[in-house]
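**Student:** Sequence:
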Amino acid sequence: MKNFSRKKILITGGASGIGKLMATTLAQRGAEVIIADINIDDARKVVAEIKQFGGRAHAFVVDLTNVDSIKKLKSQVVASGLEIDALINNAGVVFGGEFEKLSLEKHLLTYKVNIDGLVAMTHIFFNDLRKSTDANIVNIASASGYVGLPYGTTYASSKWAVIGFSESLRVELLERKITNMHVTTVCPGYISTGMFNGVKAPLILPWLKPETIVHKIILGMERNSPFVKEPFMVKTIDLLKGLLPLRIYTIISKFLGVSSSMTHWKGR
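Heads up: the sequence shown runs through residues 49 to 316, numbered per the working numbering.
Don't take each hint at face value.
Unchecked claim - Straight line, CA to CA, 27 Å or less: simulated DSSO-like cross-link-like pairs of lysine-lysine:
#1 K289 - K302
#2 K248 - K314
#3 K56 - K154
#4 K154 - K302
#5 K225 - K179
If you are wondering where the hints come from, they were derived from the structure by calculation, not from laboratory data.
Let the hints inform the model, and build the full structure from the sequences given.
**Tutor:** Given below as structure tokens:
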């Protein structure tokens, strides 16, 4: 996506965190942003902020755990005359704690939002995106999608699924010669937005500023990059896991603080 001017970009979870920052930044770049969030009041506040500087934005409510809610969102977007050029699947939830002590409801909610909702959004809006001459699907995964993450088992495994889904879809589009659509998978370390309050970032994966990762995501969209991995060490995880025996990799992970990073997670 070489130019954001007048492009219509749908962002889930765009009422807060990096979703909000992406919405405002893209609007400043000339895009017309569509914020879909379960918290409609906050979404409308972001729209008001964007309109204050002359940007174009819309707010819609959506519950990613409910397919009917996503279908209703699609109907509302279409009825508003908005033909989207990009979908940013940003919304996500995280719960930390010892596996059996965390409620089953929270484990399953993590999957419903982080992967089921993401797949449903992509499927329901797929044909709309295909009409665009330059479409992009951006899926926010995580560096934890490459590693086992104690005290964040369902969060990390949901992000493993996001990476697998995104890469499979990207290759399928190539195989089917659908050249106007691109998939970008974003794999950041811990971002200082409040979702990971209480976390102790590993030595090799320092906290990411929201502005840093949003800049990298937008750059990735401009370049149609298959992956955005930040900070730098995330780029090496696949290589290290492939080269090192599992026992050695596990010891190193523990020594560097990766295995214990979620021990005292509190969240927002």
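**Student:** Are K154 and K302 close enough, with their CA atoms no more than 27 Å apart?
**Tutor:** holds (26 Å)
**Student:** Are the Cα positions of K225 and K179 separated by 27 Å at most?
**Tutor:** Holds. K225 to K179 sits at ~14 Å (cutoff 27 Å).
**Student:** Could you grab the alpha-carbon distance between K248 and K314 and see if it respects the 27 Å cut-off?
**Tutor:** holds (11 Å)
**Student:** Could you grab the alpha-carbon distance between K56 and K154 and see if it respects the 27 Å cut-off?
**Tutor:** Violated. K56 to K154 sits at ~33 Å, over the 27 Å cutoff.
**Student:** Assess, step by step, whether the Cα of K289 is no farther than 27 Å from the Cα of K302, and give holds or violated.
**Tutor:** The given pair, whose Cα atoms are some 14 Å apart, holds under the 27 Å limit.
In this structure, the one hint that does not hold is number 3.
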